[in-house]
Structures are given as C-alpha cells and as structure tokens.
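Q: Each chain is listed here by its residues.
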Amino acid sequence: MSHSGTGPVVSFENVSKHYGSLKAVDGLSLELRRGETVALLGPNGAGKSTSLDMLLALRKPTAGRILMFGKDPYHAVKSGSVGAMLQSGGLMPEVTVRELVTLVAGLHPRPVPVDTTMRRAGIADIADQRVDRISGGQTQRVRFALAIAGECDLIVLDEPTAAMDVETRQRFWSSMREEVAEGKTLLFATHYLEEADQAADRILVINRGRLLADGSPEDIKKRAGAKRMSFRLPGADEATLLGLPGVVSLETRHDLVHIQTEDSDATLYAVLDAGYRPSEIEVGSLGLEQAFLAITAEDDRANGAEPAAAAH
Amino acid sequence: MRGILLLTRAEINRLRRNRRYLIFTVGLPVVLYLIFSKAGKTVYGIDFAAYYMVAMATFGAFAGALNGNAIRISEERKVGWIRQLRLTPLPAYAYVIAKILTSMALTAVSVTVVLLLGRFEGGVHLAIGQWLVIAVVVWLGSTIFAALAVAVGYRYPPDQAQPITLMLYLVFSILGGIWFPFTGVLGNISKGTPTFEAITISTDVISNVSVPFYLIVGLVAWLAVFAALATLSVRSMAETV
Numbered sequence: 001m002s003h004s005g006t007g008p009v010v011s012f013e014n015v016s017k018h019y020g021s022l023k024a025v026d027g028l029s030l031e032l033r034r035g036e037t038v039a040l041l042g043p044n045g046a047g048k049s050t051s052l053d054m055l056l057a058l059r060k061p062t063a064g065r066i067l068m069f070g071k072d073p074y075h076a077v078k079s080g081s082v083g084a085m086l087q088s089g090g091l092m093p094e095v096t097v098r099e100l101v102t103l104v105a106g107l108h109p110r111p112v113p114v115d116t117t118m119r120r121a122g123i124a125d126i127a128d129q130r131v132d133r134i135s136g137g138q139t140q141r142v143r144f145a146l147a148i149a150g151e152c153d154l155i156v157l158d159e160p161t162a163a164m165d166v167e168t169r170q171r172f173w174s175s176m177r178e179e180v181a182e183g184k185t186l187l188f189a190t191h192y193l194e195e196a197d198q199a200a201d202r203i204l205v206i207n208r209g210r211l212l213a214d215g216s217p218e219d220i221k222k223r224a225g226a227k228r229m230s231f232r233l234p235g236a237d238e239a240t241l242l243g244l245p246g247v248v249s250l251e252t253r254h255d256l257v258h259i260q261t262e263d264s265d266a267t268l269y270a271v272l273d274a275g276y277r278p279s280e281i282e283v284g285s286l287g288l289e290q291a292f293l294a295i296t297a298e299d300d301r302a303n304g305a306e307p308a309a310a311a312h
Numbered sequence: 313m314r315g316i317l318l319l320t321r322a323e324i325n326r327l328r329r330n331r332r333y334l335i336f337t338v339g340l341p342v343v344l345y346l347i348f349s350k351a352g353k354t355v356y357g358i359d360f361a362a363y364y365m366v367a368m369a370t371f372g373a374f375a376g377a378l379n380g381n382a383i384r385i386s387e388e389r390k391v392g393w394i395r396q397l398r399l400t401p402l403p404a405y406a407y408v409i410a411k412i413l414t415s416m417a418l419t420a421v422s423v424t425v426v427l428l429l430g431r432f433e434g435g436v437h438l439a440i441g442q443w444l445v446i447a448v449v450v451w452l453g454s455t456i457f458a459a460l461a462v463a464v465g466y467r468y469p470p471d472q473a474q475p476i477t478l479m480l481y482l483v484f485s486i487l488g489g490i491w492f493p494f495t496g497v498l499g500n501i502s503k504g505t506p507t508f509e510a511i512t513i514s515t516d517v518i519s520n521v522s523v524p525f526y527l528i529v530g531l532v533a534w535l536a537v538f539a540a541l542a543t544l545s546v547r548s549m550a551e552t553v
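As given, the protein sequences belong to chains A and B, one line each in that order.
Quick note on my numbering: the first sequence kicks off at 1 and runs consecutively.
Quick note on my numbering: the second sequence kicks off at 313 and runs consecutively.
Derived from the structure by calculation, the hints contain no laboratory data.
It should be emphasised that the depicted structure is a prediction, and the values quoted were computed from it without experimental measurement.
Note that the Cβ used here is the ideal one computed from N, Cα and C, for glycine as well.
Okay, the calculated beta carbon distance ranges per label pair: (1) B:Pro403 x A:Val166: 35 to 43 Å; (2) B:Pro403 x A:Asp128: 24 to 32 Å; (3) B:Phe494 x A:Ala162: 55 to 63 Å; (4) B:Leu544 x A:Gly287: 45 to 53 Å; (5) A:Ala124 x B:Leu544: 39 to 47 Å; (6) A:Asp115 x B:Phe432: 41 to 49 Å; (7) A:Ser135 x B:Tyr356: 54 to 62 Å.
Use the sequences and the hints to build the structure in full.
A: And the structure:
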C-alpha cells in the first residue's frame, strides 16, 4: 500500500456542481476512511454519478474541494491509487479481451498479473474474443477487470452489477471481498438496496445532490423509523392513528392499515388504549429499501416536490 | 511516455487489422497509380509519372490521417473508451498524442509504398535528397489532417462526423488538385489548400526550382489553425467525453 497516512482516503468539502440552474450536487461534504466499504444510494438524478465523476477528475466541481489521498483527484488518479469502473465507461474496439487488459495493466505503476486479473473478473474463458463481440454481461466484467488491473488503494464502482446475473453477481462480490480484505477502500453506487445492505459497512444516502443520511445499514433503517406494523381495522380514522406515539407514516387500503413507526410497542399500546381492537396484527423490521424510500420521500416532501423516482 | 507508446502500439495493431482503413490509405493510391501513372506526358513542367506519384502519396497520407482518426475518435468518445482511459494513470493528453503518432506511423508506410512504386513502376529518378524531402514534406503534412480529424472527432457525434469527414475529404482532394488541376478563380482557391501546397512543394523539389516561401508558411499556418481547433475541441468536450 502506497497510502500509509492516517488521513481520510477521500474527502468532499462542501462540493457543488451546477449545470445552469440545476444543482446536481449541492454542498456535499463527506469523508471516507481507509478499509471502509461504502455504498452510495440515491434515486435517479440524485447526483451519484456526478459525484463519482468529480471524484475521478472527469468533471470539475463548481464550488468546494475534493481530495483523494490528500491530493487533487486528477493527480490521485494519475498516480494509480484508484481503480474505477463507471457505467459510462467503454472499451476499445477491435482488440481481444486479453490485449485490452494487458494494455491497461501496462499503464499502471503497479500492474497486477494479467492472468490474475482475468481470473478475478471471471473473463479467462473469453480472453481471446474481441471486445466488440461479447455480451453485455461479459462487457461489464471486462470493465471490472480494467478497474482492478493495477494495484490500487481505492476502488470506485458505479452500479457494478447492473448487467450481471445472480451467479455472476455473487462471484463478483466474493472477489470484491478479497480486495477489501487486503485493506482497500471500496466506494460503490448501486440501485440494489439489498446489495448495499449485505456488502457495505457504511451507507450514504443522497438526494437532490445533498447527503441525507450517513451510517451503518442498521443506523439508516433506524433513522427511517425502524418498524413497520400492519393490521385490519374497519372504519379506522387516519387522523387519529397518525397522532399516535411513534407513528412516522401511515397508509390504508380498505380496512388494512400499514404503519411505519419508531416505537412499535408504544404505537400498538396506544391503538389499544384508544379503544380499537384491530385484527391480524403484524409487526416487522423495515428493510433498507423501505428505509431508503422513506428518507428520500421525506426529503422530497420537505422540499415541496413530488417524490423522485423510486430506486428501481 | 511509456504509457503513450503502449497505447500507440495497441492503436497501430488495431488499424493494421482494419481492412477498410488499409484500402483507403495504401490500397487506393497504389491502385490509382498503377492505372493512371502512364495517362499523361507532363504536368506542371514535370514528368506525369512523377507528378502523379506525389499526388497519390499526398492523397494516401491525408486521406489516411483524416479517415483513420475523425470517425474513430468520434465513435470512441461515444462508446466511452476515452472516458475509460481517463480513469487510468495515462495523462489526459495521451489519447490524442497516441492517435497522431499512430496516424504518422501508418502514413509513413503508405508514403513509402507510393514513392517506391513511383521509382520502380513509374520510372521516376531523383537524387536521394529529393526523395527524402518529398517523403518528409508529405509525411509531416499529414499531421495537418490528423489535427483536423481530432477537432472533428471530439466535436461531433459519429452520425455527424461521418458526413463532415467525407465533405472535408472531397473538398481537400478535389480543390487540392489531386484529381485534376484547376485554373482561374478555383485555381487560386486551390493554391491555398494544404494538399496543393504539399504537392507543389514536392513538384518544385522534383523540377529543382527553389520552393516559394509562402508554400511552407501556408502549410505551417494550416497546421497551427487545425491544431488550435483540435485543442479547443478537446478542451470544450473535457467534461462530456
């Protein structure tokens, strides 16, 4: 590891990126520490890709400062400290997979043996095929191979498993865990909340270019109102139920009531104390996906806007 | 520097496999020379076989530099390869440098082939110094079109880069007097094109007259203008590649 300092691997200091009147990223501040696996979550248009583009020196912030390993992003990328895979990245046509991986490895100050990279990315079997004649999933794996073709300290991945089938995705994450076990820092943007829940030890939720939540998957779930509760209650009065202790949000369909609550016990006792006798009571934990939707929807309501598109 | 050479080598390997490109840069001038080099007696006061050799060498060089780069760059920008390269430790300008080096390497081949053809098929006899000057002028002249190709490839998406390249190709080959010489007003316009300037410098060298200074200035000016355009294109597209 060339990075031996104790400072943050990545820091965003009040970073903004404006396109005319559109604030794609709006005063984003965050730090990534060494060895962390961090998921970047947000609906479409939340500013995830723009943030990653700025981190990788593809775009310049309108305001604020980004540092990677204490250097400006361009020099950090050029020193080979970061391996990255973006959705918008493409491959050089008319060459074989092996030729391409060999080329990119050769550009690195600390190249990984080409065979190792191809094995890790699961593309050893297509080594001699031309990159413009392979499938979408295979292309995705080749792009991943290019990201890990050199020894690096930070890996940045934008929707890495988007075109992968379930089996490939599992293999991908097991090879990713190997990389992280070596002390690398991993930052990935994803639409698969389940994936973020399983793979990340820290989740950043962004919406409208701002950081809404930052914490472990458990923290995020807690923050959104940790429990969901449902029961049947004919003739329930929504206003009364919304006023009960702990209730964050409520949804009724015919006589079926869905409640999100910060304190399921208190809410349930209050329902009973109010004289209701609901049937088919179910209480469960909120998944990360619902937590994510709750956090971003709350933010959208606070901004007086229609909730942005859901994560899928 | 090592990175740029690695990328250049990969680029050369790609182009060597590209039949369409080889036909345009090497095949077409060779075939045309074989067919037409005996079609005339003299032109511009020199043997037609010598004139046509210079015209075809210039044609292969400029067509190769233009066709080999403009559309490819545009396509590579579209598929995201330029973006991918920017995520590697390769410096930002390396991609363009490698494209120009690649173009020069392949142009050197096509110029050499046509000049050899002139010598052994067309019976053109020149002093070694004359051969060298002609080869170098035509070869370096092709960088003008490599720069133009970079400007077009960065600025326009493939569906626009294609017709624009074709138009430039026709304008500079026809107006440049590669197919037939112009007279009158068109002749004066023709004299301002880099293709004409490269051909005229070469024919002057062949007829052993001193090369007018303005022709050299003209070539350098074209290079400066297109290099500036290329730089502007690359800079303005920096956030959208």
